[in-house]
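Engineer: These protein sequence lines are chains A and B, in that order.
Everything in the first sequence is counted per this note's numbering, starting at -18 for the first residue and increasing by one.
Everything in the second sequence is counted per this note's numbering, starting at -18 for the first residue and increasing by one.
Note that these hints are calculated values from the structure, not bench results.
Heads up, a few of these hints could be off.
Said to hold, decoys possible - Under the rule of at most 27 Å between Cα atoms (straight-line distance), these lysine-lysine pairs were calculated in the BS3-like manner:
| # | chain 1 | residue 1 | chain 2 | residue 2 |
| --- | --- | --- | --- | --- |
| 1 | A | Lys260 | B | Lys161 |
| 2 | A | Lys72 | B | Lys161 |
| 3 | A | Lys15 | A | Lys201 |
| 4 | A | Lys112 | A | Lys84 |
| 5 | A | Lys161 | B | Lys161 |
| 6 | A | Lys161 | B | Lys273 |
| 7 | B | Lys161 | A | Lys273 |
Number of protein chains: 2
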Amino acid sequence: MEKPYAIGIDIGGTNTIFGVVDKRGHIINQGSIKTGTYKEINDYISNLSASVQEIIDQVGGSSSIKGIGVGAPNGNFFTGCIEFAPNLPWKGVIPLAQMLTDKLNVPVALTNDANAAAIGEMTYGAARGMKDFIVITLGTGVGSGIVINGQLVYGHDGFAGELGHTTIIPGGRVCGCGKKGCLETYTSATGVARTAKEYLQTRKEPSLLRELDLETIESKDVYDAAVKGDKLALEIFEYTGKLLGESFADFVAFSSPEAIILFGGLSKSGKFIFDPVRKHMEENMLPIYRNKIKLLMSELKESDAAVLGASALGWEVKDY
Amino acid sequence: MEKPYAIGIDIGGTNTIFGVVDKRGHIINQGSIKTGTYKEINDYISNLSASVQEIIDQVGGSSSIKGIGVGAPNGNFFTGCIEFAPNLPWKGVIPLAQMLTDKLNVPVALTNDANAAAIGEMTYGAARGMKDFIVITLGTGVGSGIVINGQLVYGHDGFAGELGHTTIIPGGRVCGCGKKGCLETYTSATGVARTAKEYLQTRKEPSLLRELDLETIESKDVYDAAVKGDKLALEIFEYTGKLLGESFADFVAFSSPEAIILFGGLSKSGKFIFDPVRKHMEENMLPIYRNKIKLLMSELKESDAAVLGASALGWEVKDY
């Protein structure tokens, strides 16, 4: 009999959330534990396994589960290991997929969060039926999941799809990765806040943003000001969208996708971000690509997206 | 019985060359016609078919031929059409694959020259056994053929892999495509000559290149001067390699290939181009990619490469 459920586990620096998902993308039941509480990886795995076992038992035991998909920072699909993740409590290389399989006796596949988002869009979201698309996650950082010929692109070593670390301004802002001018330093939520601070310090015009404490300004504040028609806030979105659009034009020259899908925080700024992205993407593309590449918003419900994305990978794991 | 031969046809603006190739990449016999002579596509197809039929008959007729692969500017794999090629005599959309199949009764597949080069490297050259690599062709223009998971990347519309038209210097040199700052405008043979002219006009230091007519300087002249230790010529290579290396770092962030393979004219400048490319590529890559991505020279013999590349596609065509 075909197994009716997959498990999705999303490992974040603060929380680990997980759920049982059916084929149509409904989360049947779910749970969470605090990632940061477990300084020892063995304690973490024991507690996570026990909690996941509970929700498995609620749907009839492991014989109902096709597979477990895990999204985690620096998750390597090929090795099943989390490798040197800066924001997790455990150092070095963690063979997470193997450790979970040993405890739960269900096959486990692991990838990073942006790849999980891409598989989620393909399975349940905006990319259903598409074989060539790119998901760009705009959050604290900028991530990407690339699908070509219906397959997620892992590259020869499992680390493909780091489009947040392509260079958009040579010699530009210093990035956490050690490089300069990475797309992420301008177009992540943090990057937008950085732009806001720069604009407020180097320009003279009035802005609603001047009423806020310069040090604690967030991208959400820029959005709120833009909604009220604040000119400086709109210019910040225009600048952010320009850089994203220019980058997208280069990504299109690589894989000529049917669509680019925006996922996460900043993508919810709607027309403030979509309009300038579309304009500058079209202006910077070769004529053969113009007016052909869709620019879409994620169709995964925000609160469920991480678990859904990870669970989508669970459908694809092989039985061992 | 397995069919022992494939045909490769390379359509250039001046000449069309073709040959019968065996599985090990030996060209058994070959021929050519003058592309530019035929203003009417029907005349061209008639003459090309007659000439190709001759070499087919020499190896035992069409029952010995697995397929015909064609490399042509703006060749679209999905449609089998040459679409709006600026350097060929025929306007609009030419259903070349269908026209040739009708005449020769052998299945025909078509793609652009850079894609043909990539399939050629995978079948007979430097990429044998690789599943993830990128071929960059450095000629009059800059082209690319991208292989991921053992498959050539065509994109949703057949036009993927135009890496020569990614932006390396925002607002930079005007490109034939209508954009500004494309990689091609700096790192093609023409781009190198353009750099040489700029350097000679804006700088004062002595150089062997000053003995030449500024208007007719070619990339080959820069190479000859570099071989003699000319400092300005070496700086031109350093600058060209820097831009290529920076671009390659971004390409790696996309597909994390096992290797990037340089093909065509400029790639034969050896260490003058490879050393700066390698240095700047490594400096601009994320730490996870460093010292892992091979930078290789094409292993297809120059005079045979175009026919071999196209023929490699001939092995992959489906019987209808």
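Engineer: Evaluate each hint against the coordinates.
Structural biologist: Consistency of the hints with the structure:
no., hint, verdict
1, A:Lys260 <-> B:Lys161, "holds (16 Å)"
2, A:Lys72 <-> B:Lys161, "violated (45 Å)"
3, A:Lys15 <-> A:Lys201, "holds (26 Å)"
4, A:Lys112 <-> A:Lys84, "violated (35 Å)"
5, A:Lys161 <-> B:Lys161, "holds (22 Å)"
6, A:Lys161 <-> B:Lys273, "holds (21 Å)"
7, B:Lys161 <-> A:Lys273, "holds (21 Å)"
Checked against the numbered hints above, the structure violates hints 2 and 4; every other hint is satisfied.
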